[in-house]
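Using the hints, position chain E against chain D.
Protein chains: 2
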Amino acid sequence: MPKPWSVIESVSEGDYRVFHLRRDRALNPRTGTAHDFFVLESPDWVNVIPVTPDRKVVMVRQYRHGIKEYTLEIPGGIIDPEDGDPGQAALRELREETGYWSEDLRHLGTVQAQPALQNNLCHTFLALNTVRVAEPSPDSGEDLNVVTIPLEEIPGRIRADEISHGLVLAAFYWLELWNREQR
Amino acid sequence: MPKPWSVIESVSEGDYRVFHLRRDRALNPRTGTAHDFFVLESPDWVNVIPVTPDRKVVMVRQYRHGIKEYTLEIPGGIIDPEDGDPGQAALRELREETGYWSEDLRHLGTVQAQPALQNNLCHTFLALNTVRVAEPSPDSGEDLNVVTIPLEEIPGRIRADEISHGLVLAAFYWLELWNREQR
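Going line by line, the protein sequences match chains D and E.
Mapping of the first sequence onto this note's numbering: residues 1 to 183, in sequence order.
Mapping of the second sequence onto this note's numbering: residues 1 to 183, in sequence order.
Honestly, the hints are just simulated from the structure, not real lab data.
Treat each hint with caution, since some may be false.
Each pair may be met inside one copy or between any two copies, as identical chains are not told apart.
What the hints assert, rightly or not - Pairs of lysine to any residue residues, derived as SDA-like cross-links and limited to a Cα-Cα distance of at most 25 Å, are as follows:
hint, residue 1, residue 2
1, Lys56, Leu105
2, Lys3, Asp161
3, Lys3, Arg157
4, Lys3, Ser140
5, Lys68, Gly141
6, Lys68, Pro136
7, Lys3, Arg17
8, Lys68, Ser42
9, Lys68, Pro81
10, Lys68, Val7
11, Lys68, Asn120
12, Lys3, Gln62
13, Lys3, Arg180
14, Lys56, Pro29
15, Lys68, Leu177
Bear in mind the structure is a predicted one, so any value in this text is a computation, not a measurement.
Pulled out of the complex, with its shape left as it was, chain D reads as follows (with noise of 0.2 Å):
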């Protein structure tokens, strides 16, 4: 196994509202040499696919600033202080991006946003027999049109490259690995 590696300095570099960038200066165990790490960090991500009784996926396009471009993604976001646990953050934010909501969530799989770079994870949940109960209710950072796909269509939108978010591409191999133990 590598070693881990020693910090011998840890600077805070400022809140950027959504994270907050430290540097860590650490020591190569293998090499002795000094080397900073920038690191973003911030709470934990959620993501929820959600499948209606007729089986067909709630989804949210939107524009996203990072690329400059649409994205069709599962509803998802940062977890508030307030949700207590990430569930209930994954129920929130399908309430509040799409409207729909489901009392049958199971958790299928947690993976690492960006362990090089950052610190939190993204928890990721499956939605069953979810249904509209309410108008969408985004926040003021947010523009967004939900759209419904049916399940067996995903794996063709991914490969024609209507869905490329990394994090929603690993979502779905979660719910691939769990459907195949269900068998």
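Just chain E now, kept in the frame of chain D:
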């Protein structure tokens, strides 16, 4: 379709070696209110699933500063200006991190690293008939161990949380979709 957001201010927040941080102030087309977005600008990333003739995946175990834990990942990294194209970058990372090489590289798919926060993409490759040709030559920011894992064990390793890097899961999902098309 939701409308694009107009950027009314764009400010550099500094250079952090592996990314440049930018703040954009943009108007929500739905509400007309201004909102700050922070974007990490960096070159595209690559990753590669190297498969040996006896169907083992060449992986790397390393200490990751973001999560302060060990991960089990496929080789990958940032595209260097000298690489020319993503495929060359994938082969370079494969050789540097593991000492393996392949003459049969296939592009599986391209995913967004984190489209809300980052401007870059991650190009995912499959390297077939991967063979060991040299000692690994990691750079000064790396300390890693090379391990080979039978391809059919990958889903179980994901379910056991041994492989939990979001972009690595996305790569293995792309491989499954690619395999289905070959049948």
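Against the structure, the hints:
{"no.": "1", "hint": "Lys56 with Leu105", "in the structure": "within (16 Å within a copy, 35 Å between copies)"}
{"no.": "2", "hint": "Lys3 with Asp161", "in the structure": "between (39 Å within a copy, 20 Å between copies)"}
{"no.": "3", "hint": "Lys3 with Arg157", "in the structure": "between (41 Å within a copy, 22 Å between copies)"}
{"no.": "4", "hint": "Lys3 with Ser140", "in the structure": "between (45 Å within a copy, 14 Å between copies)"}
{"no.": "5", "hint": "Lys68 with Gly141", "in the structure": "within (15 Å within a copy, 31 Å between copies)"}
{"no.": "6", "hint": "Lys68 with Pro136", "in the structure": "within (23 Å within a copy, 38 Å between copies)"}
{"no.": "7", "hint": "Lys3 with Arg17", "in the structure": "between (33 Å within a copy, 24 Å between copies)"}
{"no.": "8", "hint": "Lys68 with Ser42", "in the structure": "both (22 Å within a copy, 14 Å between copies)"}
{"no.": "9", "hint": "Lys68 with Pro81", "in the structure": "between (29 Å within a copy, 23 Å between copies)"}
{"no.": "10", "hint": "Lys68 with Val7", "in the structure": "between (36 Å within a copy, 11 Å between copies)"}
{"no.": "11", "hint": "Lys68 with Asn120", "in the structure": "both (24 Å within a copy, 11 Å between copies)"}
{"no.": "12", "hint": "Lys3 with Gln62", "in the structure": "between (42 Å within a copy, 9 Å between copies)"}
{"no.": "13", "hint": "Lys3 with Arg180", "in the structure": "neither (36 Å within a copy, 39 Å between copies)"}
{"no.": "14", "hint": "Lys56 with Pro29", "in the structure": "neither (50 Å within a copy, 28 Å between copies)"}
{"no.": "15", "hint": "Lys68 with Leu177", "in the structure": "neither (32 Å within a copy, 27 Å between copies)"}
The structure fails hints 13, 14 and 15 (numbered hints given earlier, in ascending order).
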